[in-house]
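Asks: Okay, here's what each chain looks like letter by letter:
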Amino acid sequence: MRYLPLTDTDREDMLARIGVPDIDALFSDVPGGKLLKAPLDLPRTKGELEVERIMARMSAKNTAASAVPFFVGAGAYKHHVPATVDHLIQRSEFLTSYTPYQPEIAQGTLQYLFEFQTQIAALTGMEVANASMYDGSTGTGEAVLMAHRVTRRRKAVLSGGLHPHYTEVVKTLSEMANDDVVALKADVSASEDILSQIDDSVSCVVVQSPDVFGNLRDLKPIAEKAHAHGALLIAVFTEVVSLGAVTPPGAQDADIVVGEGQSIGNALNFGGPYVGLFAAKSKYIRQMPGRLCGETVDADGQRGFVLTLSTREQHIRRDKATSNICTNSGLCVLAFTIHMTLLGQAGFTLLAEVNHANAVKLADALAGVTGVTVLNETFFNEFTVKLKKPAAEVVEVLAAKGILAGVPVSRLLPHAGLDDLLIIASTEVNTDEDRAALVAALVEVL
Amino acid sequence: MLNRQGRPTQAGAASHEDRATFTGNKALQQIEPLIFEIGHHESTGVDIEKPAAFKPRLGSHARQGEIGLPGLSEPETMRHYVRLSQKNYGIDTGLFPLGSCTMKHNARLNEKTARLPGFSDVHPLQPLSTVPGALDVMLELSRYLMTLTGMPAVALSPKAGAHGEACGMMAIKAAIAAKGEGATRTVVLVPESAHGTNPATAALIGFSVKAVPARPDGTVAVEDVKALLGPDIAAIMLTNPNTCGIFEPQIVEIAAALHEAGAYFYCDGANFNAIVGKARPGDLGVDAMHINLHKTFSTPHGGGGPGAGPVVLSERLAPFAPVPFIHVVNDKPHLIETREEAPAGNEPFGRMTAFHGQMGMYVRALTYMLSHGADGMKQASEDAVLNANYIRACLSDLMSLPYPDHPSMHEVLFDDEWLKGTGVSTLDFAKAMIDEGYHPMTVYFPLVVHGAMLIEPTESESKASLDLFIATLRDLAISAKGNDKERFTSAPHHAPIRRLDETRAARQPVLKWVKPAPVAEAAE
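Here the protein sequences line up with chains G and Y, keeping their order. Residue 1 is where the first sequence starts when you use the working numbering, and the numbers rise one by one after that. Residue 1 is where the second sequence starts when you use the working numbering, and the numbers rise one by one after that.
Okay, chain Y solo, but in the shape it has when bound (with noise of 0.2 Å):
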């Protein structure tokens, strides 16, 4: 007997009734206030001696009145944020096939390096003669990925992919103007199916955008395009692999209707994650691919960022390429970093941020690609596709696909369709996903397709986990089918929380905490 205390080991008369609890939280979930709401305005957790006397240079801006903020000792600091922590599901924590999104595992070897203090701790405007090993992470960087897209240029300074998308799309604007059509070419093509970041970086920097429309197969047609070109198209900005999960098979053609028009070819490589060391966008006639290494090269998405989004730059726009950027002489690399400084034959149009990019992500991104290697990451990118059109094909019999006729790439798209006269959305299916344990797939994107879901696996699950996964999704599809509505409409029932109002949050926003006024005296 271990036990001579008397204490119970059997559950017993144990049962799940689910019982309010006093402080209204549920054994590991924790209901957790505002820091607002804890903290005091004369707490702090970090202890500064306040230095001794001495005469202010202020002049007259010394600030007048406190801030207004609370602090919280280190021990109330550390259980608030884990507790937040808690309410959130990420990678390490279950399947995460969030289409268009890649996310796979985060490595930490990957967060190690990015600490080294030699990259961590230096600064952008330290001399550069003290940095050598940072502009070796630039150049090997590069090195890689002009190897892995077949393009012989890379900007790496932009900070995600829309801001990739903007650097690419400027360096057309810059090369069109250089050739005296700036004032002709001002309209750019984008598939109905794009992420909204390609219209709305075309409008950013003064494009109109004409739609060209998607073609039944899912895919988008060589002579659709062609009838849209003319001397005032600029670009197109096609996604490749596109947002329906499909590798766009006239892209040939289409780069070379582009190109014979004067027309440049702007690939949305967020799908890069699919083709990795199987097909090269140099070889398929792009002219510019941002890469989202947050996506492609697992630096983590860190609930919204940060990311990288470098752009590979063809032959034709590599002289646009904006400051700052590396060049090397006699092996020798210098950082051009101001458009005077550019040596002969380059026009940079101009910087993209301060400083130089997202270094900490470029440490993490080649300390992935060193891990994995050439062999790996075409490993890599042949499992991505294959767990994709495993799910498919477990799963096409119970949920309907739109586009039956081209294999799916590393993300498998469903329609609606299946759910139809069931009473059961797309949206209410995503929330008993989250029931079940899993977070949902990109849902109602690309608009193309109604009620889209977008599941992508990527290379990271197990066939146990996909096995799991499949019967998990299949179990759902029928008890949707069969009439077991509120499995689906109420859903999530064991989340921290339920369905939340966001039309109540449009409609009178409240964006920041307020101090609550005093809850008035009862009537005497």
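This is chain G alone, in the form it adopts within the complex (with noise of 0.2 Å):
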């Protein structure tokens, strides 16, 4: 097996020098009649020749966002990725190193988090940052029982604006942990009355913009009222890319800040591995969980990283921890980091400006075709459009012609009565032929 460098003889020789006649005598504490003798019910060794044709001929199967006009969004997006991304973070020292336990030979890892540290703090408007979660769902989940540690109360409000799968998320955590959860009925027109839900009895309002239908939220009233009642504004975001346009959640005065990172850096992955932003005020720092890195000096005076205020992390605290995380989202951080640093403020808030203009052109093209009503006042790269057919049916029909229009509100919320909703999202990868493309395709089915 061209992975194993053992040969049989070197085998043999280390038996002998171990002192067992065979292998399975370092197998004994196996208890008896449990240790396997012949090998598993499953194919035998490949060469890396069939591997790679087993696999394309999977990969063959799907339809690749790339290959057909695509306004598929709903927390995770298409953009376009530099190739300059994917080259660095293959490289060996970075692919195939670990969580940077021995500072001294792992500085690449460390400045890199530091800089991306910075950077989402930058871009959130937020004091402090951590250096990721697993991706935006749990981050919001991790965002709530930090809310509850800080202000010793059990109780979370879920704007309806939130992505349904956040959403879940937070009522699986809250259910098994035996915290409150009040979520708030799916708001497609963000009208909900989320203010009367704030009482003292309240730890956190967590709120999403741009909500999952697209719509932008005003969050300071939010968060003056939370304020006023002893509670924290969590706010969510799942397409890092707005941050360029429209005003930061710490602009508006939010507590916590989690975010999905994908649409920087990552590829779509059919949903993972992905990035979750955690940013919050730096009063809070010792209740955030997952990794910090810090700046400090080595035994020569020089700069350096290390990790930070390990004693908030399971590895110290144990069961006092302030969160189980340990393995995050490395490799993907450094793909972001890369990719920010090479748009630079310039490029990202033009990039944001593409993205809006793009949407901006599809949803007046939309608002043209009978039988298509957009729903948003406002947006950014993404917003609903009420059709007069079963929004998964045309979905279906238009997959069919070679076009993935967007993600019917019933995939997310099955029994809600919104079947007839589209949430569509246009992004810097679609030209005027894939809008045009969807327009006529929904003239004809509609």
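One thing to keep in mind: the hints can contain errors.
As the list claims (entries may be wrong) - Some chain G residues near chain Y, calculated using beta-carbon distances under 7 Å: (1) Pro43; (2) Ala122; (3) Val439.
Stated by the list, open to error - Below, a list of computed lysine to any residue pairs in the SDA-like style, where the Cα atoms sit at most 25 Å apart: (4) Lys485/Y / Ala299/G; (5) Lys61/G / Leu139/Y; (6) Lys515/Y / Glu127/G; (7) Lys50/Y / Pro82/G; (8) Lys283/G / Arg504/Y; (9) Lys34/G / Asp217/Y; (10) Lys320/G / Val187/Y; (11) Lys171/G / Ile326/Y; (12) Lys61/G / Ser129/Y; (13) Lys463/Y / Gly19/G; (14) Lys463/Y / Pro82/G.
Hint data in this document are derived by calculation from the structure and do not stem from the laboratory. For glycine and all other residues, C-beta sits at the position ideal for the given N, C-alpha and C.
Join the two chains, each given in its own frame, into one complex according to the hints.
Replies: Below is the structure:
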């Protein structure tokens, strides 16, 4: 087997040096009868060529986003990633390194984590950011738990504009920990009355902007009301590119900000791996989950970086830790950081502008299609339309025509009576031809 | 004569003198500033055309003011991150014997397949009719994991080991609640030697934690577990092979005792690499076990992630598996994405994450499994165990073994008894290994052993590589015992940076770059 360097002679010599007759002697603690004698019922070793063929066959059965006019969003977005990014993250020293527990030989990782934390703090307008969570949804769950620790209350209020998967993740965690959750009804028009839900029993209010339907939300009044009652505002976004065009949550007095960072540097990957962004006011750092990278000096006084404040973490605090998280999204963080470094604020705001322009063009074009109503007053690169037919059926018909039109709300909320709603995203990858194809297909189908 | 230019071709008088350089660089070791110190706010490495004028739909939400982030051109970006990479040690650099982390070879075929557009460029919410190949990967990976573990079900979506632990323990909590025992079974047993994630996970989902004492031989005794069992015990979280590198000899009895008392057996599968194809957790009485695809199945650790932590489940826990999961009807896979759509007999406890988990890692792990095959995976585990025991056999005359009575599995644990009186600590020893070109082993874990050194060579090392590693550790050990303290206490001497002040980092946390205040003009 090509990955195994030992030869049979090596194996014999080594067993002799150890002083055992055969390999199974080293498995003598496995209880009687439980040691397998024959290989399991799975195929045998295969060469690289054959494995590649098998995997390529499976891959070819799927429709890749780049191959068709593509408007699917709702929490993950198709963007162009510069070739430099994927080259750099495949460098052995990044790809095959471990969590930087030995900082003297991991300054590469530590320095990009420090750069990442600085970038996230700047983008969100927050004072501090951590070195990543698994993704936006698990980050949101962690943010709610963090708010509970800060406020010593156990009740979260979730906006009806929060991505339904995120709502489910928070509900699952809260149910298990016997915490209260008030999840407002799915709110397409962004007109929910969340303020009336806030009282002295509430630990945090979780609001997404742009919300799952694409609406931009005014967070400031929610922050004010929450703070008046000793509660925290957790601001969530699933499209980080929006921060290039809209007021960041930090400028609206959010206490914790959580986001999905996939859009920058990372591929769609059918849902993972992604990168959870997590930022907060600095007074709460000791309650933050996840790894933090900090600046310090070495024995010669030279600047260096280390993982820090680890007394919050599971490997030190065990059952008193702020989270059980260990492995996070290291390499996805690197991809994010490199892509963001290439963009800089100049490129990032321009990218955001192109996204917004493309979505506006598409919304304007769709507004002219009979049977389509654009519901959003405001949006960034994603909006919701009402169709005169069930959206899931329309999407299926368009898929057969080679157009991936968006996400039917019924896919996320099957029994919510919202079957005629379709969430449509348009990013910099969409061309005028893509938009024309979608419009023409909808005219035909509706 | 090849050289007619008068260029000297012999080393001559060049010596090893350590001279300071003008730049502070040392040839290939470059001092690299932060991007914030070299970039400019107006620079960018991406060419994007400004769109034609349009009427924005941002309402009153348009961003005011600039972000405050520099950009770099493409060549500058490339050089910056290449230089950073050169300050890192990876598996491809050298032996990486980090115990309980399984730093094995990361085959590039896995990277190649993960980047096939049908896997990397598909959206989790595009119509399922357009991604049958993605479901094939999930089904095939599930089949392999179930076969290798002897377990009837698997929840794929957890994003890393600790997330998998949470998933397994949530399934256990749901099963207990379904039996009406939710109010009483609230305690989880965790051995003192466990990974920190175990007690943290139990606490995260509302269990209280009770420690199981470690026996002097490094194993957990069934009598000790039995003594703690009662109507309040929900489960045990036990690592097997355990964190001392030993296969728990009484695991079957422990599982039986738990089941008899109405409790569940959660197995931490971090050390599964020792027993793939050799023993199946399902045969041992395990109810739930996460599998770190980034350890056992070689998806790259990437400097701390991403990982993937699928959880295999017993018959009793399978109905509680979270969404999404694949339900096969008439050989046709259906992805069940919401609790409402769950077929009869399933009571999903909820959802662990948005979407379907770490598809990019599924592809890499499946590629690994197909490459190895059943025979290759068994051989890999045998070689991993053989390598660890070989290191042990070659070092145990110099370094002390806390648990000599059991064979090691894929990792060997030493303590610091042998360093007593030398003035050299485990940490010093680890730092001296850096000078010798090695990544240190795991140190100070497990907590039950003083000054622990946990060495896991994996199956990826050749005998020559092991022999040099052994010779190096022997030389270091003799040096430590021979009063050459300086080699250790001020190590590393040759790394890109010296030992770092971690106390200072924690006392005055600096977690982001802040533009330095302008230097005041010289006093007039």
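Asks: To test your reading of the hints: which numbers does this structure violate?
Replies: 3 and 14
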